[in-house]
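Sequence lines, in order, name chains Y and D. The numbering of the first sequence is the UniProt record's numbering, which starts it at 1 and goes up by one. The numbering of the second sequence is the UniProt record's numbering, which starts it at 1 and goes up by one.
Note that these hints are calculated values from the structure, not bench results. A hint or two may mislead.
As the list claims (entries may be wrong) - Subject to a maximum C-alpha distance of 35 Å in a straight line, what follows is the list of computed DSBU-like cross-link-like pairs (lysine-lysine):
hint, chain 1, residue 1, chain 2, residue 2
1, Y, 158, Y, 146
2, Y, 202, D, 65
3, D, 50, D, 146
4, Y, 65, D, 51
5, D, 65, Y, 158
6, D, 65, Y, 51
7, D, 51, Y, 51
8, Y, 50, D, 50
There are 2 protein chains.
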Amino acid sequence: MPRQALPRLEFWYEFASTYSYLSAMRIETLARDCQLEIVWRPFLLGPIFKKLGWPTSPFNLYPSKGSYMRRDLERLCEAYGLPFTLPVPFPQQSLLAARIAHAGRNQPWIGAFTRAVFVAEFGQGLDISDEGLMADLLLETGAPAKDMLDAAQTRETKIGLRAAVCDAENRGIFGAPSFVVETGDLFWGDDRLEAALEAAAKEAS
Amino acid sequence: MPRQALPRLEFWYEFASTYSYLSAMRIETLARDCQLEIVWRPFLLGPIFKKLGWPTSPFNLYPSKGSYMRRDLERLCEAYGLPFTLPVPFPQQSLLAARIAHAGRNQPWIGAFTRAVFVAEFGQGLDISDEGLMADLLLETGAPAKDMLDAAQTRETKIGLRAAVCDAENRGIFGAPSFVVETGDLFWGDDRLEAALEAAAKEAS
Chain Y
1 MPRQALPRLE
11 FWYEFASTYS
21 YLSAMRIETL
31 ARDCQLEIVW
41 RPFLLGPIFK
51 KLGWPTSPFN
61 LYPSKGSYMR
71 RDLERLCEAY
81 GLPFTLPVPF
91 PQQSLLAARI
101 AHAGRNQPWI
111 GAFTRAVFVA
121 EFGQGLDISD
131 EGLMADLLLE
141 TGAPAKDMLD
151 AAQTRETKIG
161 LRAAVCDAEN
171 RGIFGAPSFV
181 VETGDLFWGD
191 DRLEAALEAA
201 AKEAS
Chain D
1 MPRQALPRLE
11 FWYEFASTYS
21 YLSAMRIETL
31 ARDCQLEIVW
41 RPFLLGPIFK
51 KLGWPTSPFN
61 LYPSKGSYMR
71 RDLERLCEAY
81 GLPFTLPVPF
91 PQQSLLAARI
101 AHAGRNQPWI
111 GAFTRAVFVA
121 EFGQGLDISD
131 EGLMADLLLE
141 TGAPAKDMLD
151 AAQTRETKIG
161 LRAAVCDAEN
171 RGIFGAPSFV
181 VETGDLFWGD
191 DRLEAALEAA
201 AKEAS
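Please model the complete structure; the sequences and the hints are all you need to start from.
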């Protein structure tokens, strides 16, 4: 008898995003409790921000928003029991990590790899554009490091990640993390993760 | 024996702000449960947005953010059991309401008046720049309508409200609603109301 497909929730995340870190660390456990399948959708916010007229993160463009974000993250990480270090520079260059995650988005290790990147970046303050670090994290999470670093540089991956950015825009996404349920209803921000999970589970029942 | 002073939480709100509506409708009941005193701090976001380079609400400047805000508000209002109608135009001219609330900020009817304005605006879609509407809402909430409309136009009120905007900036405020606990710790957004109340209560204990 075929196993019934679980309802799906798309998780759109940007490796340079602090609030994506919070959701990435929490989503797989929460989704298991709700019997949902997570669709991992790594993407890049840079091209979307540029269209909004922002050459960099709004947390850098608007210092009061940036200071607040740091304090908010400190409090939230404390509440979630997560380490927090803002890497220098912020935001990090997330292109390499995003390409690897895009290439591996349907692999069983994608959750573990995603969390490993975020912990290296926002727990330890490491530089996620470093290929050596990426290789280490891939190995740690049981992924074929060399193959994935190669896969990250293929034309298919580069075009696929660009298409993911278009998909994000078509869903109305303007920030990260974002969550999209099967009806297309959009939820933005780590503080909407629980509501998105609830909506995805309700829709399916 | 003098009654012990309750710990205080500053509630910074802008009448034109949809998310301020959500907090205004909830804060007094929640504060009573936590034995906190609310310090009502009506202010204007316009001058702060102008300094950030935004001639109007970011929800108008960035259409994807605006569409999302409408959907998010619909869902939140449904969850809270509140009516929701976005007034036209959005954002509303909130200067008159803010001046009245500033002049009456320490009066016993300030919570009821604040809620009445928000319900007229976001529950019924009414024009809150209308002096007749303000008079009706003041009367409804047991406030001296004529005196308050006069007080709204005094030099003291106008200067006081401008000073409130400076106070907001000095606290690092860049959006509404915002909450400030006695140590100066800032919380932004209706989704941080519970955390702000908890921090204010904890600090006092």
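Checklist entry - Given the hinted pair residue 65 of chain Y and residue 51 of chain D, is their alpha-carbon gap at most 35 Å? => result The given pair, whose Cα atoms are some 13 Å apart, holds under the 35 Å limit.
Item to check | Proposed proximity, residue 51 of chain Y with residue 65 of chain D (alpha carbon, max 35 Å) | outcome: 13 Å, holds
Checklist entry - Is the hinted pair residue 51 of chain D and residue 51 of chain Y satisfied, with a Cα-Cα distance of at most 35 Å? => result 21 Å, holds
Item to check | Pair hint outcome, residue 158 of chain Y versus residue 146 of chain Y [Cα-Cα no greater than 35 Å] | outcome: Holds. Residue 158 of chain Y to residue 146 of chain Y sits at ~17 Å (cutoff 35 Å).
Checklist entry - For the pair supplied as a hint, residue 202 of chain Y and residue 65 of chain D, is the alpha-carbon distance within the 35 Å limit? => result 25 Å, holds
Checklist entry - Has the given pair, residue 50 of chain Y with residue 50 of chain D, been kept, meaning a C-alpha gap of at most 35 Å? => result 20 Å, holds
Checklist entry - Hey, residue 65 of chain D versus residue 158 of chain Y, does the alpha-carbon distance stay inside 35 Å? => result At roughly 27 Å apart (the allowed maximum being 35 Å), residue 158 of chain Y and residue 65 of chain D satisfy the hint.
Checklist entry - Going straight from one Cα to the other, do residue 50 of chain D and residue 146 of chain D come out at no more than 35 Å? => result 32 Å, holds
Going through the hint list in order, the structure satisfies each hint without exception.
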